[in-house]
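2 protein chains.
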Amino acid sequence: MDIDYAMVEQYLHEHIPLSKTMAVSVTSINGNGVILSAPLLPNINHHSTVFGGSISAVAILSAWTFVHVQLQILSIPCRIVIQSNSIEYIKPIEEEFQAHCMTPPRQNWERFITAVSKRGKGRVILEVEVYSGGLLVGKFQGEYVALKLKETG
Amino acid sequence: MDIDYAMVEQYLHEHIPLSKTMAVSVTSINGNGVILSAPLLPNINHHSTVFGGSISAVAILSAWTFVHVQLQILSIPCRIVIQSNSIEYIKPIEEEFQAHCMTPPRQNWERFITAVSKRGKGRVILEVEVYSGGLLVGKFQGEYVALKLKETG
Numbered sequence: 608m609d610i611d612y613a614m615v616e617q618y619l620h621e622h623i624p625l626s627k628t629m630a631v632s633v634t635s636i637n638g639n640g641v642i643l644s645a646p647l648l649p650n651i652n653h654h655s656t657v658f659g660g661s662i663s664a665v666a667i668l669s670a671w672t673f674v675h676v677q678l679q680i681l682s683i684p685c686r687i688v689i690q691s692n693s694i695e696y697i698k699p700i701e702e703e704f705q706a707h708c709m710t711p712p713r714q715n716w717e718r719f720i721t722a723v724s725k726r727g728k729g730r731v732i733l734e735v736e737v738y739s740g741g742l743l744v745g746k747f748q749g750e751y752v753a754l755k756l757k758e759t760g
Numbered sequence: 608m609d610i611d612y613a614m615v616e617q618y619l620h621e622h623i624p625l626s627k628t629m630a631v632s633v634t635s636i637n638g639n640g641v642i643l644s645a646p647l648l649p650n651i652n653h654h655s656t657v658f659g660g661s662i663s664a665v666a667i668l669s670a671w672t673f674v675h676v677q678l679q680i681l682s683i684p685c686r687i688v689i690q691s692n693s694i695e696y697i698k699p700i701e702e703e704f705q706a707h708c709m710t711p712p713r714q715n716w717e718r719f720i721t722a723v724s725k726r727g728k729g730r731v732i733l734e735v736e737v738y739s740g741g742l743l744v745g746k747f748q749g750e751y752v753a754l755k756l757k758e759t760g
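Chains A and B supply the protein sequences, listed in that same order.
When we follow this note's numbering, the leftmost residue of the first sequence carries the number 608, and every step to the right adds one.
When we follow this note's numbering, the leftmost residue of the second sequence carries the number 608, and every step to the right adds one.
Heads up, some of the hints might be wrong.
Treat identical chains as interchangeable: a pair holds within one or across any two.
Claimed, not checked - Straight-line Cα separation of at most 30 Å, BS3-like style, residue types lysine-lysine; simulated pairs: (1) Lys728 <-> Lys698; (2) Lys755 <-> Lys627; (3) Lys755 <-> Lys725; (4) Lys627 <-> Lys725; (5) Lys746 <-> Lys627; (6) Lys725 <-> Lys698; (7) Lys728 <-> Lys757; (8) Lys755 <-> Lys698; (9) Lys698 <-> Lys757; (10) Lys728 <-> Lys755; (11) Lys757 <-> Lys725; (12) Lys746 <-> Lys698.
Hints in this document: simulated from the structure, not taken from any laboratory.
None of these values were measured; they are calculated from a predicted model.
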């Protein structure tokens, strides 16, 4: 994969303005998944730690970005929608944090891509681990649906 | 209860700056629970609907506000922390939306207040319904912990 991180970041900031306010940046996109980062300050709460809503939002974005980038690589234009998620806040976050959406097991991913390609709709569960200062501080699981868009032109 | 909505709103905007960016406002606080509202524009995504991260964040805030206000009324100073949550996004949201944190069953609430008062720590599960244009568009459940603060002064 040869992904332009700046372009992905710009896409997020332009289309989801809250990601710009949260100062979300792309740390890596590779075979292991997608890592997005965000600093403390724009995401701070009344305890001077990161607001749970920001942790959730960055985790949601990391998994969305994973699906978005993978479908772009495969040239399958899709509308990607989150259906549900759960998240566990393990420790308070006192500094910059990273949301790492992990590449799902190959079988699950192939089933999803086949469903999208052949039936125009696929569903996949993605796991995200949230880290700060090298510690696991959160665990997220989200269910995403991709709906194939008709070619236009 | 005689709650100053503007004061609660100001507290949120000052201490959790993302709530100001999301333009969260207090719609009601009464015996039925807490309703927070937010408009589409600052919370928009690439589909011109509300970003899932914003829906989550406003739901998280509504339940946090419920616990915060109730403990203030009872003059029990606490640190209130979210432990986990799950959320289902039922329909895309195309306009202003409301997160309604419902007053929990009396028995659960009393158990929580007793635990906080007597043991300095209590845990409660809160349910939030998200509405837009009169339709139920999301369902949230969050687990919150309150830790009683020592009196200072």
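Hints versus structure:
1. Taking identical chains as interchangeable, the C-alpha atoms of lysine 728 and lysine 698 lie at most 30 Å apart only when they sit on different chains, with a minimum of 17 Å there against 36 Å within one chain.
2. In this assembly of identical chains, the alpha carbons of lysine 755 and lysine 627 lie at most 30 Å apart only when taken from the same copy (27 Å versus 35 Å across copies).
3. Taking the shortest Cα distances, lysine 755 and lysine 725 sit within 30 Å of each other inside one copy (10 Å), while across copies they are farther apart (56 Å).
4. Within a single copy, lysine 627 and lysine 725 get their C-alpha atoms no closer than 35 Å, and across copies no closer than 44 Å, so neither meets the 30 Å cut-off.
5. Taking the shortest Cα distances, lysine 746 and lysine 627 sit within 30 Å of each other both inside one copy (23 Å) and across copies (26 Å).
6. Taking the shortest Cα distances, lysine 725 and lysine 698 sit within 30 Å of each other only across copies (25 Å), while inside one copy they are farther apart (42 Å).
7. With identical chains, the CA atoms of lysine 728 and lysine 757 are at most 30 Å apart within one copy only, with a shortest distance of 12 Å there and 54 Å across copies.
8. Within a single copy, lysine 755 and lysine 698 get their C-alpha atoms only as close as 38 Å, which misses the 30 Å cut-off; across copies the closest is 18 Å, which meets it.
9. Taking the closest pair of Cα atoms, lysine 698 and lysine 757 come within 30 Å of each other only across two copies (22 Å); inside a single copy the shortest separation is 44 Å, beyond that limit.
10. In this assembly of identical chains, lysine 728 and lysine 755 lie within 30 Å of each other by CA distance solely inside one copy; the values are 6 Å within and 49 Å between copies.
11. For the homomeric pair lysine 757 and lysine 725, the shortest alpha-carbon distance inside one copy (13 Å) is at most 30 Å, but the shortest distance between copies (61 Å) is not.
12. Proximity of lysine 746 and lysine 698 under a CA criterion of 30 Å is satisfied in both settings, with 10 Å inside one chain copy and 25 Å between copies.
Violated hint: 4 only; the structure is consistent with all others.
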